[in-house]
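Those protein sequence lines, which keep their order, are chains A and B.
For what it's worth, numbering that gives the first Met the number 0 labels the leading residue of the first sequence as 0, then goes sequentially.
For what it's worth, numbering that gives the first Met the number 0 labels the leading residue of the second sequence as 0, then goes sequentially.
In short, the hints are calculated from the structure, not lab data.
Keep in mind it's a predicted model, so treat the numbers as computed, not measured.
Treat the hints with care, since some could be wrong.
Intra- or inter-copy, both count: the list cannot distinguish identical chains.
Lysine-lysine pairs mimicking DSBU-like chemistry, simulated, CA-CA at most 30 Å apart [to be verified]:
| # | residue 1 | residue 2 |
| --- | --- | --- |
| 1 | K25 | K129 |
| 2 | K148 | K121 |
| 3 | K34 | K108 |
| 4 | K25 | K60 |
| 5 | K74 | K121 |
| 6 | K74 | K140 |
Protein chains: 2
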Amino acid sequence: MKIAVPLALAVAMSTVSVPSFAQFQKPEDAVKYRKAALTVMGNHFSRIGAMANGRVPFDAKVAAENAAIVETMSKLPWAGFAAGTDKGDTAALPAIWTEQARFNDGANKLQAAATQLSAAAKTGNLDAVKTAFGATAQTCKACHDAFRK
Amino acid sequence: MKIAVPLALAVAMSTVSVPSFAQFQKPEDAVKYRKAALTVMGNHFSRIGAMANGRVPFDAKVAAENAAIVETMSKLPWAGFAAGTDKGDTAALPAIWTEQARFNDGANKLQAAATQLSAAAKTGNLDAVKTAFGATAQTCKACHDAFRK
């Protein structure tokens with residue numbers, strides 16, 4: 000009956016179709032979700048980095064597969080930063096909520112860079128992947144420096 | 000300099016292109032990754048469940064978006080169940096590694112069901128989504144019952 004947990008969660012979900020917080024039953028669920036999405040994104044991003052940095056032989060197909068996952072994941076974490084999710088097991092800084100326009104701008108820059116990375120990876124050109132990887136890494140760093148403990 | 004962490008991870012990665020374990024520096028990284036992928040998948044699956052169960056108004060576009068994410072995520076966790084990743088903060092049962100063919104069969108069934116769920120969601124037909132959601136939930140339950148503490 001372990002499937003009862005997600006089903007029960009689904010049943011317990013709000014009927015209000017507000018975009019973000021309604022997706023989560025409790026603030027901790029939002030924190031867990033955003034960390035999970037960032038973990039998956041970071042893992043696949045690192046696989047591209049290993050190729051961009053020459054530590055793993057470049058495989059265009061593998062790079063494109065990983066970049067597609069990064070692109071998909073780049074859209075996800077932000078819903079988990081809803082108001083009221085600044086507590087608990089999180090490295091998120093209060094600036095995320097006090098400087099929302101700046102935070103959203105950073106999130107948008109990552110998504111744009113991830114889209115370009117995925118396009119670059121589809122070309123099969125390692126130099127293009129290296130350039131796009133570096134540009135994407137800069138968007139990660141910018142937000143981590145500003146908004147992460 | 001927080002971006003140095005993923006970059007360092009990438010640099011430290013093995014040059015051997017073995018499919019699964021080489022993706023992770025340490026067994027705990029594999030455990031963290033697979034749990035993260037399952038968390039993201041479960042979250043988006045629950046959003047479809049809320050519509051399938053009538054707790055949230057059916058929105059075909061939202062259902063299709065979530066089902067596409069579930070389909071993508073359904074392919075990911077399995078690399079994280081590499082040999083030697085049975086310890087630590089995990090609910091994974093030893094049967095995953097002693098009955099690998101059965102575990103892989105369950106993983107394949109989920110992926111097939113998730114693909115059908117995504118196709119069903121694209122039709123915009125709620126009954127088709129309900130049927131495909133139920134079938135997918137059964138594949139979750141089958142593996143959780145057999146392979147999760």
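Cross-check of the supplied hints:
no., hint, in the structure
1, K25 / K129, "between (40 Å within a copy, 25 Å between copies)"
2, K148 / K121, "neither (35 Å within a copy, 41 Å between copies)"
3, K34 / K108, "both (19 Å within a copy, 27 Å between copies)"
4, K25 / K60, "between (39 Å within a copy, 25 Å between copies)"
5, K74 / K121, "both (19 Å within a copy, 20 Å between copies)"
6, K74 / K140, "both (17 Å within a copy, 28 Å between copies)"
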